[in-house]
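Colleague: Quick note on the numbering used here: the sequence shown kicks off at 865 and runs consecutively.
Be aware that a few hints might be false.
[Claimed, not checked] Cβ-Cβ distance ranges computed for the label pairs, FRET-style:
id : residue 1 : residue 2 : range
1  : PRO1167   : ASP1099   : 48 to 56 Å
2  : ILE1261   : GLY1115   : 28 to 36 Å
3  : PRO1016   : SER973    : 20 to 28 Å
4  : LEU1296   : GLY1073   : 39 to 47 Å
5  : LEU881    : ILE1307   : 24 to 32 Å
In short, the hints are calculated from the structure, not lab data.
By construction, the Cβ of each residue, glycine as well, lies at the ideal position given by its N, Cα and C atoms.
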Amino acid sequence: MSLIEILLPAVYQLSGLLLTLYAGFVLLSVLLFLRNRGRGRPFAAAPAQWPHVTVQLPIYNEPRVATRLLAAVAALDYPRDRLHIQVLDDSTDKTTAQVRGLAGHLRRSRGMDIHYQHRSQRQGYKAGALAAALPQAAGEFIAIFDADFRPPPDWLRRALPPLLADPGLAFVQTRWDHLNRGQNSITAAQSLALDGHFVVEQHARTAAGLWQNFNGSAGIWRRAAILDAGGWQQDTVTEDLDLSYRAQLRGWRGAYLDQVAAPAELPPLLSSYKRQQRRWAKGSAQTLRKLAPALWRSNHPWPLRVHALLHLSAYATHLPLLALLLLTLPFALLPSQELPLPMVGAISSLLSIAPFLMYGLARYQLGGRGGLRSLWALPLLALISIGLSPTVAGAVIDGLLHGGGAFERTPKQGNGARLAALPEGLTVRDLLPEALTLAYALITVAVALLAGAWALLPLPLLYTLGSGLVLRLSLGEWLDQYAVCSGQYAVFSGQYAVVSYQLSVIGGRWRTLFKALQRPIAPTDPLNTEY
865 MSLIEILLPA
875 VYQLSGLLLT
885 LYAGFVLLSV
895 LLFLRNRGRG
905 RPFAAAPAQW
915 PHVTVQLPIY
925 NEPRVATRLL
935 AAVAALDYPR
945 DRLHIQVLDD
955 STDKTTAQVR
965 GLAGHLRRSR
975 GMDIHYQHRS
985 QRQGYKAGAL
995 AAALPQAAGE
1005 FIAIFDADFR
1015 PPPDWLRRAL
1025 PPLLADPGLA
1035 FVQTRWDHLN
1045 RGQNSITAAQ
1055 SLALDGHFVV
1065 EQHARTAAGL
1075 WQNFNGSAGI
1085 WRRAAILDAG
1095 GWQQDTVTED
1105 LDLSYRAQLR
1115 GWRGAYLDQV
1125 AAPAELPPLL
1135 SSYKRQQRRW
1145 AKGSAQTLRK
1155 LAPALWRSNH
1165 PWPLRVHALL
1175 HLSAYATHLP
1185 LLALLLLTLP
1195 FALLPSQELP
1205 LPMVGAISSL
1215 LSIAPFLMYG
1225 LARYQLGGRG
1235 GLRSLWALPL
1245 LALISIGLSP
1255 TVAGAVIDGL
1265 LHGGGAFERT
1275 PKQGNGARLA
1285 ALPEGLTVRD
1295 LLPEALTLAY
1305 ALITVAVALL
1315 AGAWALLPLP
1325 LLYTLGSGLV
1335 LRLSLGEWLD
1345 QYAVCSGQYA
1355 VFSGQYAVVS
1365 YQLSVIGGRW
1375 RTLFKALQRP
1385 IAPTDPLNTE
1395 Y
């Protein structure tokens, strides 16, 4: 028996074991949620006198949503003399004039304590903006909102009391709701994933006393905890995750408030979602690389440490998943090799049950039986997740090897046209990971069919569908950008969307699907709020 014939099953089994471990991690969240369902953190009583609070609004080139955010924050129901707003603008476009003008108007007409700060150099990106503004913050508590959020007027009065009642809390994180859940099928799929994270995972962690993560927006920090943990640092692209874990290493705690929500905009285009996932995956890996040694050496209970490490490495599960695909072709080419079918069965069962339970529970918790109707987007979410696997895996490797890096902004659409949300600088290179994966998966399917290895087909077929879908959508958006940037409206006769619809990666059957994915979904989901 050759070395390859020995290594193939071993690596395959190891990859399957790692995926099974993560599936168990998701199932644990589900079980903890079920055990503690209805035991959310009780509302703390309102104080006799509200403390000073600073609301920080980091903004970068957000002309379609920035003024909406500032108007919503200005409408917060909170004592005017105890509310300080910092507009942290790193923009290089017309956003600067918009928010500077609105901030000045609110200061003059309403007497609001609004400070506009503009940086010509984006040193440290979002983390740098937050760190630079902290010394000028007047509040002992710091609330943070990204540009695409629209907090309701009572948000601050509902989110702040737990921090006042518990001096050991470093931060509270509130639930993200969605302004455009029903805009199209892509936003519907994303809302499933985020609802599962907040409603099930975050709730389960708080109820079980496990470590929380601050999600970067719609939360409040205790200023003393930020300073004690070392402040905002720039060596990861997920400064929120990094700071929340450093604070908890210092003995602070975080809490999730499931009954307080702030709606935000979901990326309506796959290219924007892909960019967001790439940053989150890279930043999580950077935080794991940075804090894992200190976390493991800490004196916290070992179950908590293991759970925290699994949380930080969640995106790394795309590595063994991709490894299983890469190993399937050698199994098909070597007839003497037998696929470890028991492991395949265990993996497929756990991976299919765990997310379904988590997303189903989240939707039922939010909308009752009516909320379950939105689970139609679950297959689409699964295909997109598989299709993005090579991109996410590459981001994880990059994060494990390198610190820092550029903060990739997720373009916001507001109420504008679809083209307004196109990421800047889409190139053919952005399509390569999915194109290469699709080619490899198709070759694997063909070889498995010729070899009669039917047991090998499920995974490469899923990758064929997922990579094909992601590539198809990305190609359409890339062509949209090319049409706009080259000014060829006359060539396309204004029908740039039709051109992108008619191009197909693997067949004409994608045309109808692509049109359907870009079309607003019917307002049958009780959770839809705007579309």
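Colleague: So which hints don't hold here, by number, going up?
Modeller: 1
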